[in-house]
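**Student:** Given next are the chains, with one letter for each unit.
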Amino acid sequence: GAGVSQSPRYKVAKRGQDVALRCDPISGHVSLFWYQQALGQGPEFLTYFQNEAQLDKSGLPSDRFFAERPEGSVSTLKIQRTQQEDSAVYLCASSLGPRTNEKLFFGSGTQLSVL
Amino acid sequence: AQSVTQLGSHVSVSEGALVLLRCNYSSSVPPYLFWYVQYPNQGLQLLLKYTSAATLVKGINGFEAEFKKSETSFHLTKPSAHMSDAAEYFCAVSPFGNEKLTFGTGTRLTIIP
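Keeping their order, the protein sequence lines are chains A and B. Residues in the first sequence are numbered consecutively from 763, following our numbering. Residues in the second sequence are numbered consecutively from 38, following our numbering.
Treat the hints with care, as some may be off.
[Unchecked claim] Straight-line alpha carbon distances no greater than 25 Å define the calculated DSS-like cross-link-like pairs of lysine-lysine that follow:
(1) B:LYS95 to A:LYS865
(2) A:LYS776 to A:LYS840
(3) B:LYS137 to B:LYS95
(4) B:LYS106 to B:LYS95
(5) B:LYS137 to B:LYS105
(6) A:LYS773 to B:LYS95
(7) A:LYS819 to A:LYS773
(8) A:LYS773 to A:LYS865
(9) A:LYS865 to A:LYS819
(10) A:LYS840 to A:LYS819
(11) B:LYS95 to B:LYS105
(12) B:LYS106 to B:LYS137
(13) A:LYS773 to B:LYS105
(14) B:LYS137 to A:LYS840
(15) A:LYS819 to B:LYS106
(16) B:LYS95 to A:LYS819
[To be verified] Covered stretches of chain A, going by a simulated chain B footprint (3 or more residues, C-beta under 8 Å):
(17) 805-816
(18) 866-877
Bear in mind the hints are in silico, worked out from the structure with no lab data behind them. Even for Gly, the Cβ is constructed at its ideal location relative to N, Cα and C.
Chain A extracted, bound-state conformation (with noise of 0.2 Å):
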């Protein structure tokens, strides 16, 4: 595709549902990132792929998140259990390269509001 496609763009959970949030970074992206923007913040890294890999997963703020990325292309963050504290936007961003000065291409996030 023409660039990081995010999906859904909007969802609504009751609290204690499970969500699953979609990235399709562009084609033939190694590196894949999630971050976490809370409402007035900015983006908080949460988990970095390097094709399927996992490399990096510092981030997430509890065992109830969980990402993935099995065959090296389309990722999938999903939370569990979600709580008021999880509303946010979730960004997934994609980079050509395994290293650092590759330029870093962002989709426009999935805002998950959690009731």
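Add chain B to chain A, keeping to what the hints say.
**Tutor:** Only chain B this time, still in chain A's reference frame:
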């Protein structure tokens, strides 16, 4: 640990006036520094990045930023504001480039006609 502080959550300038958005960083190692812009309902877009090659970095849309180690600053400037510059701007730092960016809280830029 790396961090950035953006001074001023909201900045308003008149069309045609100088734009100055402030960012100070804290880093124990030579950092990579970035400025991103976020337009409503769009993803973050890279404006420019500092990777130690040159202290004055030119980016897209007429923006530039100067790395000043003595002041631990990386302020974003544009000589003449345009209405289309209205957006949210984020400064970010990383010890490793793209990986694990640490963002500031953002500055919302409003352009007054």
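**Student:** Could you run down the list of hints and mark each one as holding or not?
**Tutor:** Verification of the supplied hints:
1. Our distance criterion of 25 Å between C-alpha atoms is met by LYS95 (chain B) and LYS865 (chain A), whose separation comes to about 15 Å.
2. Restraint check: the Cα-Cα separation between LYS776 (chain A) and LYS840 (chain A) comes to about 15 Å, which is no more than 25 Å; the hinted pair holds.
3. For a cut-off of 25 Å, the pair hint linking LYS137 (chain B) to LYS95 (chain B) stands: about 23 Å separates their Cα positions.
4. With a C-alpha separation of about 17 Å, the suggested pairing of LYS106 (chain B) with LYS95 (chain B) holds against the 25 Å cut-off.
5. Restraint check: the Cα-Cα separation between LYS137 (chain B) and LYS105 (chain B) comes to about 23 Å, which is no more than 25 Å; the hinted pair holds.
6. With a C-alpha separation of about 38 Å, the suggested pairing of LYS773 (chain A) with LYS95 (chain B) is violated against the 25 Å cut-off.
7. Distance check on the hinted pair: LYS819 (chain A) and LYS773 (chain A) sit about 23 Å apart at the alpha-carbon level, within 25 Å; holds.
8. Of the pairs offered as hints, the one joining LYS773 (chain A) and LYS865 (chain A) is violated, with about 28 Å between alpha carbons and a cut-off of 25 Å exceeded.
9. Restraint check for LYS865 (chain A) and LYS819 (chain A): satisfied, since their Cα atoms lie roughly 21 Å apart, inside the 25 Å limit.
10. Only pairs whose Cα atoms come within 25 Å are accepted, and LYS840 (chain A) paired with LYS819 (chain A) is accepted, the gap being roughly 13 Å.
11. At roughly 15 Å between alpha-carbon atoms, LYS95 (chain B) and LYS105 (chain B) fall within 25 Å of each other, so this suggested pair holds.
12. Proposed proximity of LYS106 (chain B) and LYS137 (chain B) is supported: the alpha carbons are some 22 Å apart, at most 25 Å.
13. Between the alpha carbons of LYS773 (chain A) and LYS105 (chain B) the distance comes to roughly 42 Å, so the proposed pair goes past 25 Å and is violated.
14. For the given pair, LYS137 (chain B) sits about 20 Å from LYS840 (chain A) by alpha-carbon distance, which is consistent with the 25 Å threshold.
15. Note on LYS819 (chain A) and LYS106 (chain B): the hinted pairing is violated, with a Cα-Cα distance of about 31 Å set against a maximum of 25 Å.
16. For the hint linking LYS95 (chain B) to LYS819 (chain A), the alpha-carbon distance of about 33 Å lies beyond 25 Å, and the restraint is violated.
17. With 4 residues bearing a CB less than 8 Å from a CB of chain B, the stretch 805-816 of chain A meets the requirement of three and the coverage assertion stands.
18. Counting residues of the stretch 866-877 of chain A whose C-beta lies closer than 8 Å to any C-beta of chain B gives 6; at least three are required, and the coverage claim holds.
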